[in-house]
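Asker: Sequence:
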Amino acid sequence: MMMDKGSAVLQGAFLLANKKCLPSSLSSLQKADWSRVGHLVVEAVREICGQDELCGHSNTVSGCWKKKIVCVVWLKLLCRQADEDVETSWRENPFFPLQNGLPEINHVVLLELVRSLAAADIFAHFLLCLPQSQICTELERLTQHVKSSPTREDDVRFFLEVWWELWKGRNEQRAGGKESIEAMFADQFARLSSKSSGLSPQAAKRLKLDTSDQLSLSPAIDVLRILLHGLKDLKDHISSTDLCLQALSISLDSLYTTLLIDQDVILPTQEKMHMLSKAVSIREKNDETLSPELIQEAQRDLRASHSPSRFQPSRMKLGEALKIITDLTQFWINSGLLKVYDSAALSYPAFKLEQSVQRVLTASEEADLSESMTETDVQETEKNKLTGLLKSLTFPVIQTTPAVDAKVTTIIISHRLEDYQSFAVLFASEKSWASCDEHWLDCLDKNQAAFQQHDTLINLASTLMSKLHSESPNVSQCRKLMKVVADIFSALSLEDKNKSLAAMLRLSPRGFFGHSVPSAVTDGFEQELNMAFNCIIQAGGGASAAASQGNLNTAACLVARVAFQNPEAALRSCCHSAIFNKGAFSLMAKILQQLPGLRGRRGRKDEDEYNEKERREANDNIDEGKEPVSGGSLLCRCLQEIIKTKSLLASEKEQFLRFLGLLMMPVIAIEGEERRQCFLPPQEVVSVFVLPNLSTMGHSSFDVELSVQLLHTALCVDTQDPASSPHWVLDCSPFPLLYVLAQLHNQALRFWEEPTEGAVHHWSMDTKELLVSVLDTLGQVVGAEVAAAPSSWSRALSWLYNKMEELDWTVRFHLKPVWGEHFKNEVPLSLLTVCDLPEQEWSGLDLPQYGQGSGLLAWMECCCISDSLQSTMLSCLSLDQRRPDHVSMFSKGLLVALTQTLPWCSISQWSRLLGALRELITSGRLHVPFSLEYVDYLPLLDLRRFSCELRLSVLLLRVLQFLCGSSCSHWLSVDGWAHVGRLYAHAVRDVINSVRAKLPLPSSASMPPKTPACRDSNPSCASVKASKMSKDSVKEAESPPLKSRESQMDEEVDTVPSQEVLFVLSQLFCHVQHVQVMMPGGQCEPLFLSSLEILSHYEAIMAAFPGSSSPLESDNTRHFFSTITDNLENQEMKVVLQQKIAQLVSSDTH
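Just so we're aligned, residue 3 is where the sequence shown starts under my numbering, counting upward by one.
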C-alpha cells in the first residue's frame, strides 16, 4: 500500500497526539485523557474524509478511509500484542507503510477513536470477521471500557450501536470481495493467530487470541450474556428517554432472535412495506431525508429483528435473559424514562420499541416457553412479569399514506434494494397507486427489468385490465401501459412466458380485450397482430417452410407476445394461417408446440397441479360472468369457427388435418423437460371434431370423411404412456364410437348401390379402407382394456355385440380383438358347407341373402377381411382334389363368387384376394384352362414357370367378361366401373411385377434404346446366355449368322426365358385391351396406363435380349397389337398406344 497525503496527515496527527501525552504515551492512555489528545486525531480524520461525513452517511471515499483507519489502528494493536518483527510485517502486511508510521497504542485509543468517528458499524463489521471466541474477548474489552470512568451517555450509545450492528450483520451490498479491507483484516488476524503458538509466553499472553479450548473453559463466552450483563451494569448511566427506548428495543430483539425463534420470520411484502413506510416517515419528521440509504438501513433493522441471531447461546438460559430484561424494564419504568408519547413527538427508537414489544408478546403467547426451562416455576414467573410490564407500555397509532407507501416501494424497486422483486409484485398489484399516480407508470417503464417475473407480470396484467374496463379509461396511459406490459412479457424466459400465457388464459380467453375496450387500443393491437403474422408467413410460412431454429424462436416470441394480450385472437390467426396459407401448417404447429402455456389446463395430471390460488382466480372469473376456457378448447373453438364459416377446399382440408396431426404429436416443448406433451391431446380432438359429427351424420356441416381421417390420425399418434392406464380412448365413449364406425363401414360395403334413406352419400373407396383401419386399430385398443378388466366391460360388450346384429356379418370380424374369447365367430350357414370350421369357435347364421350355393361368396368375403382369416379359409377349405368334378364345380363357383365380390373390394382387400387366388392356382385347387385366343399357331415355348400368371390373367378376363355382360353391366355406376378398372389395373401391375421378377433386366438395358442396334455388327447386343455358355457358343455368336432358324432355336434351349416373357406380356396386353374395350365408356385411364407399362417392358426385353424376337416376329407383333388397339373408342389413347407399338422394333433389323 503506497503512502499518500491522507496517510501522512494521519501519521502526523498520531505522532502529535503521542507527543502531547508526555511524559506518558498513547500506549498507556487512559479513557479520561482522550479528550485532551483525541481531538488531534479526529480533526485529522475530518480533514481526510471531509467535515460533513463525520455526522452523516459516508460516501464511498470517506467510508473507505474510515475503514482503513480503524483497520490500521486495530492491526497496530494486534501486531504489538503478537510481538511481530518488522521484517515479517513488511513482507506480509499490506498496511505496513501506514501502520509502521504510527506510534504504539492501546485499546483505549482504538475504542475511543471508533466512538469519536461514529464508526460503530465499521468496528462491528471487523468484529464479524473474527472467530466467535475472539468476538467475546473484544466485547468484554468494550464492556469494560464503556463502564470505566468517566462513563457518559455517549459510551452507552456507542455500546448499543456496536451491539445492534452485530445483530444486523454485514451490509452485503456494500461489502467487497476478496480484496476488501474486511477480508484483508481477517487475513492479517488469521496470520497473527497462526503464529501465536510460536510466541514467547509474554507475547502470547498479551495477544489473548482465544482457542476452542479456552472457549469451553470461559464462564462468559455467550455474546448475548456479555451484552445483557454489560447493559445491566450501564443502566444507571442512561438518562435520556430515546436512549432508554433504544436499549430496551435492542434487548428485546436480541432475546427474540436468540431464544424465541429458530428460523426466519417471513413477513408478507405488504406488511413489510407498511413497516418501512412508518419507519422512514418518522425519520423524515426528525429532519432526515428520504433516500435509498435510509430505506436500506430500515430494511437491515427489519431483517435483523426477524432472523435468528448468529450468536446462539451455549450457557445462557432463557430464564436468565428474561430476568435481566425484566429488571431493566422495571428500573426504567420506575425512573420515568419509559413514557407514553403522542404520535406527533414519536421518535424512531419508540417506533422500534413498539415493534419489538409486539414481537416478544406474540412469541410468548404462541410458544410454551416453559418447555425449554429448567427451573420452571421461577422462569414462568419472570416471563409473566415481563409480559405484564410490556403490556403496560402504550404507544400511539402510526398511520402512513398511500403516497408514502408508493414512494418507498418505488425507491426500493428503482435502486434494486433488498427483496425488490417482491416489492415489484406488490407495486404491480396496487391498483390504487396505478390510478392516482403518474409516477407509477414512469417507475414501471424505467424499471422493466425488475418486473420480469411471472407473478409480477400477472398482477400488472390484472391492473391493466381494471384500467381498460373502467368507465372512462385514459386511452393514452392504457396504450403505454399495454406496451410496457408486452415488453416485460417479451423479455421473460420461454418457461416464464408459458406460465404467463397459461395464467392469462385463466384470467380471460380474450386477454385484455375480454370486455369493451376503446377502439384506439383495439386498433393498435390489430395492427400488431397482423404485422406479427405477416412477418412470420413471409419469413417461413410458404411452401418451403424450413425455418431455422432461430427463425422459429423469433416467430414463437412474436406469437407469444400477441397471445399474451389476446390469446383467442392469436390462436385464431394461427389457425387461419395454418389452413389457408400453403405449407404454413407445419410452421404454425411448431410455434404452438413451443408455447405449451396456450394449451391451458386439462387431464388428470394437470388437475393435480392446478393449485388453490389458480382455482380461486378461475372461480372469480365465473362469478364475474367470464367463461374459463382452456387453451386447447379455445384452439378447437377457433378451428370450428373457421370450418363453420368457410367451405374448405380439398387442399385446405389436408392442411387442417396435418395441422391437427402435428399438434397431437407429443414433443418436448421446453428444453430440460423430461415429459413429452402434445399441444392438443388426441382425446380432445376426438371429442370436439369426431364424436359430435359422427353422432349427427347428415346434420353436421363438418365433413364425416374428415372426421374419420382425424380419428385415424389421433389413434396413430403415440401419446399413451405404456405405464399409464386406462387408455385415453376410454374418455371418448369407445363402445358407441365403435358402433357408429361399424355403421359407417356397413354403409360403405355396398356403396355402388343406390343409397338407402339416411345413409351417407358419396363414400370413396379410400374412406372405406380408412374405416377398416380405424375399426381395427380402435378395436385393438379397446380389446386390450377389456382383456385387462373383463368384468368391468361385460355389459358394454354385450350391448355392442347385440347392436352388431343390425349390420353385415362381416363387420363383426373387424372387432374380433374386442370380443376376445367371449363370442363365437358367426358366419353364414352356407360357408360351413364349403369350409371345415371347428364348432367350438364357429357358428352359422341363417341369412336370407346367403342361400344355397353362396358358400364360396361368403368364403371369398372372409378372405378379404384379414390375413389371419384368409389363412384360416385357405387351410379349412373343403375340396377333394381327387374328384375332377369337385374341382370343376369349385372353379366355376369361385368364378361367379369372384365376379360378385370384386366391385366392392378396396385395394387392400383386393390384394389379399389376389394372394388367395394365387394360392388356389398354384395348389391346383382352382382350375383355369388357358386357351390360345390371340395366336394362330402353337408357340414352341416352355410356359410352365409362367403358368400362374397366365391363368390368373385369364381368370380375371373371365370375371370382367361376366361383369361387362348384359346380365351384370347394370350393377355398377360410372364411379363403380372406374373403381373396377383401378382394381383390374392393380392386378395387372401385380402380374407384371411377378413376370419382371422372373426375368430381371440387365442394368445397362433398363431403359430401351431409341434405335435398336444390329446384332451381327455389334457383339455386345448378342442374346444374353446362361452363365454356363460355352466358349464355342460365344465364337458362333460373334461369327456371321449362317445357321437356320431351327438351329438357332435349339441353341437357345438353355437361355433365359426372354421369348416366354414376351409371349406372356403379349397375352397380358391383349387381355387388358380386351377388358378396356368391353368396359362401359372404354376410357378407363388405369387400364390405358397398364397397357403402356406392358409395352414399355416389352420394348425393354427386346432391347436387352435381341435374340428373343426376329424382325419378322416383331413386325407381326406390331401389326397384331395395332389391330387389337384399333378397337379402342378413345382416339387419344389409341394414338399414344400405336406410337408406342411402332417402337417395338427387333434388334436384328438392319
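None of these hints come from the bench; they were simulated from the model. Computed from a prediction, not measured in an experiment: that's the story for all the values here. The beta carbon of each residue, even a glycine, is placed where N, CA and C say it ideally should be. Do not take every clue at face value.
Said to hold, decoys possible - Capping the alpha-carbon separation at 27 Å, the derived lysine-lysine pairs in DSSO-like fashion look like this:
hint, residue 1, residue 2
1, 482, 393
2, 325, 149
3, 433, 448
4, 325, 33
5, 501, 482
6, 387, 234
7, 393, 409
8, 325, 341
9, 21, 237
10, 393, 325
11, 21, 7
12, 287, 409
13, 387, 482
To be verified - Pairwise CB distance ranges (calculated):
hint, residue 1, residue 2, range
14, 791, 991, 16 to 22 Å
15, 7, 30, 19 to 25 Å
16, 851, 934, 18 to 24 Å
17, 991, 540, 43 to 49 Å
Asker: Would you mind marking each hint as holding or not holding in the structure?
Answerer: Each hint, compared with the structure:
| no. | hint | in the structure |
| --- | --- | --- |
| 1 | 482 <-> 393 | violated (52 Å) |
| 2 | 325 <-> 149 | holds (21 Å) |
| 3 | 433 <-> 448 | holds (19 Å) |
| 4 | 325 <-> 33 | violated (32 Å) |
| 5 | 501 <-> 482 | holds (23 Å) |
| 6 | 387 <-> 234 | holds (18 Å) |
| 7 | 393 <-> 409 | violated (33 Å) |
| 8 | 325 <-> 341 | holds (22 Å) |
| 9 | 21 <-> 237 | violated (36 Å) |
| 10 | 393 <-> 325 | holds (16 Å) |
| 11 | 21 <-> 7 | holds (21 Å) |
| 12 | 287 <-> 409 | holds (16 Å) |
| 13 | 387 <-> 482 | violated (60 Å) |
| 14 | 791 <-> 991: 16 to 22 Å | violated (47 Å) |
| 15 | 7 <-> 30: 19 to 25 Å | violated (30 Å) |
| 16 | 851 <-> 934: 18 to 24 Å | violated (39 Å) |
| 17 | 991 <-> 540: 43 to 49 Å | holds (44 Å) |
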